[in-house]
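So the sequence lines, in the order shown, correspond to chains A and B.
So the first sequence is residues 1 to 158, counted in my numbering.
So the second sequence is residues 1 to 571, counted in my numbering.
Since the hints were derived computationally from the structure, they do not count as laboratory data.
Remember, it's a predicted structure, so these values are computed and weren't measured experimentally.
Built from N, CA and C at the ideal position, the CB exists for glycine as well.
Partner residues are not named here, just some residues of chain A that face chain B (Cβ under 8 Å, in silico):
1. R76
2. A79
3. K80
4. H83
5. P84
6. D85
7. T86
8. G97
9. F100
10. I101
11. R104
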Amino acid sequence: MPTSLTLAVVPTVSPRLLQRQSSDRISLRRISLSVVATATEAESGKMESRRSTASLYEVLRVEKDASTMEIKSAYRSLAKIYHPDTVVKRLPEYDNGREFIEIRNAYEALSDPSARAMYDLSLMAAHGGRNSRFARPLGMNLSSEFYTTGRWETDQCW
Amino acid sequence: MAEQAYTVASDSETTGEEKSSTFPEIAIGVDIGTSQCSVAVWNGSQVELLKNTRNQKMMRSYVTFKEDTPSGGVSSQLFHEHDLLSGATIFNMKRLIGRVDTDPVIHASKNLPFLVQTLDIGVRPFIAALVNNMWRSTTPEEVLAIFLVELRAMAEAQLKRPIRNIVLTVPVSFSRFQLTRIERTCAMAGLHVLRLMPEPTAVALLYGQHQQQASHENTGSGCEKIALIFNMGAGYCDVAVTATAGGVSQIKALAGYTIGGEDLLQNMMCYLLPDSQSLFKNHGVKEIKSMGLLRVATQDAIHQLSSQTNVQVDVDLGDGLKICKVVDREEFEEVNKNLFEKCESLIIQCLQDAKVEVEDVNDVIIVGGCSFIPKVKNLVTNIFKGKEPYKGMNPLEAAVCGAAVEGAVASGINDPFGYLDLLTIQATPLAIGIRANGNNFIPLIPRNTTMPARKDVVFTTIHDNQTEALILVYEGEGKKVEENHMLGYFKITGIPRAPKGVPEINVCMDIDAANVLRVLAGVVMPGCRQPAIPVMEVRMPTVDDGHGWCAEALNRTYGASLNLVTLQKKA
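Same shape as in the complex, but just chain B (with noise of 0.2 Å):
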């Protein structure tokens, strides 16, 4: 069926000319969520949001295995409470993406109705879902394609086109690691990522419009308008400080970590089952169907805490275990009182990073699914003394749309009615520096660096006649590698021999306006003007799953002779 969609659109594309050469692709925005996920488009002078055959324009993020053919929400029928009790459906893919078994957000999700193993030693985990009987070995890229080609297809067979180019929303704290598993899992489905949005930046884009507009009915407004964009969805929470004048957005501050709808669903179902970790350890059908009902039970109850103030549980998960309770609004705040003192921090952090105080804020954007939780809503506006929040956003649609405007302001598209004169100038909300100095993170580019950019910082050899240097690069924020992620390494042979300080190893750090990250690393020696061997350039991140091994393998084979000090200039 998606096939023909497909050829009938690249038909008529070939017959309307003149449409395909006003307009060059523009990109469409997608917004895949852990729970749900949305696409839109500008349509020329506004967004659009595409709706798929059920009408629907927020789909559930899941796929279920059946037989052979896969599904996912896009296309199937219902998300039938029978699909997520049976063990072939497969969700909460971005929260599993490109993370190793030892990560805390793998053992989390290892209570989910389908097959989470790990075995604890930094490789990536395996996941499988139940059909037939059989546990069928899936991975989080493979899911998501298949759900990505899912949404191509209803793209292309609305908008009678071939859809290649797409913005895509992630979450800040997506490690780079992570974002080339996304940019490959595009690949997979026929995707060309063209922006890979953080979802706070692309809510910060569509508030940037909004205030252009404004500006334009009443000329002369056009002042410096800062913003806090605060975005929970059900994996992840991101923050995001902006300054809006005249259609430029400049992000001056991101923070972003690993909690969400789903860490209050989860400790939600501890406080309801408290010994539930050890019953469903076997991960047997039986106990992925109990795992399934108080999930679904579970979600309800948090949804309607919601709009009331408490709410009666009331499930039968088989082999006599009842839960039967009265839950109330305070004892759900009180069992996630940790998770929202994260959020907390999250916002004063992202202050603090902007230089900027609660009174300079001029809004304070809270979108994302947990939005609707009233707790979160009190949590934003008393750290800003009870300001009201910014109203004229969908809550649940503001990323999406945000992504839909930066397509077509990046595809570069015709605008004769200067609604796309708008720009985002996006910040890298992690650090990324190379191993020196020891054990020591040395950063290159802080957090919070304006993209595109470019710095350098020079090194040199610890011992005599060094001739050869590991660089090792890492990103995060600690001050030991051990803390941050590894992107990857390189060797730099054929230092002329030297005493130890002498050679200058120049490491420049390279991030283009599509966020491609390049590492260059050249040797000069003193009273020389041209490098003393070709430069290297590496793009990164290079290492695959198990990055944690490359360094303790690294360390092993070569200790500390390969090793690199930052330069002290004399005066």
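Chain A with its partners taken away, still in its complex shape (with noise of 0.2 Å):
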């Protein structure tokens, strides 16, 4: 499992920011296919790199120019196609809103004009050396990779 696959922002900006999970990231690229056609930035090529950075705005298949109005439809039909209330419908293989709370993260930074000014720095330098890391708590990628909870055939117990 690769290590450094996910992206780093300053905690004390906007913890927020630190939910990446990359490793849905192909799964996410599949299915975005059959949705807006925003996603200009997807046909790059740069499959490697898309993949271990990436960005706010390619969660919400928005241009890094994206108005916030544009930001704000973008979440709103991909939180149609990914909220776990009409997810079920579409995709058998439930991921309990995994890609939703990613796209909700994503949202919440790119709608508050100050987080995202900031993202926006912080994108930069990640541009000028692959390796530029900002302190991140160790945790987090522990959250990502060991915490998957899942239903279990006792919920109904309680």
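Using the hints, put the two standalone chains together into the complex.
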């Protein structure tokens, strides 16, 4: 399992940016073809770099200069596809809302102007050197890789 | 009788093959109010409210214990005044469920015309109905379950199919502990809760559907609309701010409190008979009758004050106790001044939490039984500078209709016309966190976080070579843990020996779309990639009654020896 897949952001700015989970990237990309056609950067062929550092813009499938309205409507149309309430209809492999949480986190960050500005700065910094990393609690990796919750047969007994 | 209806229903189900294949079981929407309840179902193109054999859509929420067979408000003949006066009828279950006997709401319930006894030590109250001059003990769960069984039989007889899945509306202010009680109650009645929906969010979904239909009719007006939903019933007051566009309703904020028509009623009863509390303390047969009479008379008076400016209260409570008084609307409003102020503050708090200005709100929706009270309507419209409330929703049916729509959406039924191209994105009404840094409550999932949600925070040990740590999970808004509800606790053992502050204890909270909370905890030593011990996963809440006691007992036994602090990351 690759170790430095996840995107690093200064945690003091907005801890919710840290929720990136890159292991789901492939499935997200597969499904994204059926979604809004705004994801034009998807065919840029940089499959490897996309997997390792999928940006919040890529999660929402919008351009880097997308307006607030565009971000909002992208979030809504993605929510309709990935929210667990609707996802059961379309996707047999139910992911317990993981994709949706990711989309939500991206939306929260990009819809807040100051958080978005900080994020854009961090993107530029990351662009310079691939290994430029920010301080990041170790446990974050733990959460994405080891904390898999499922539904249990006994859930009804509560 | 109910049994028979059930058998017939399942017979026809097996013959109607093609019907069951195109329609997966649609969950029905159920709104159990403190005072009234209703059931609705999506029929493929619209919501249909189910009626009982007496052609009622709204059924009183109560159960009367007679001899051996309890009967609820769905099937039994009428809400005889006599039933209410005999002590055999239990109601207000929704106010009593999942509360301990130190709760002020339980104390306020002690002058209901049945037995609510408290020991004031933080255990569940003793509740009993008077049957043949004997107190028959029961629980709010049992009473609700009896009621739900009746509702279920009614729905099965009408829909001619077995019912298992339901979407139930609940008050915003319900703790997770209360929610599990509700789920357990449903399980007792053989029902599976597909979703528990805070009442105003069910209304929000219905609003979303209205908007969606409107935008279909005049294409192009798919812009975002912000609505404030104010829902005040007999037991609870709830507020929500929702942003709706393209059939997606994002709940931006929720606020709720245990105030409703019941409190207005109790205040009025106190006003009409100031020493009622002490008069009724003994709960004798006579007192129960007087209590019931006063209750019925006061309730009637309040209802009449909605349409007229004053009312004559004339009631003989027996034993020479008579009330003969003209009450006008101003008096009623003055007596309940504090309650109305609380309602206002809930709305203002909800707007602030949603970061929405009064001017940004496109629609103000007022629903619930109390929406008929002029003062309630006024206080809401005053906040919105006289804006006319949203029309086109039945104030008593909006929540159950929303629940029925959610039932259809969440059941994933075939929807060729796109009526159900809807989504409500829920938010958590209360913060959830753990005890750390002494007695402080450290929220991991703040209030109004979008669900499903998953957040984590890293903690560390406070002693050198500390090998164990207690994770105490709380829900609420208080800064100190004592002010919040304890949801559960567990111990992490086997932390590798290290100086204090070195082990990284990662606590993660996960709420899925069905609102199930799981708390996970793992230990990582700096420099290691793998967790040092197996990660623990605990579904919450785990504590039963007397959760206040658990915290005290843990504190007494372990002191600060197993405490944690938040880990300050070195730069």
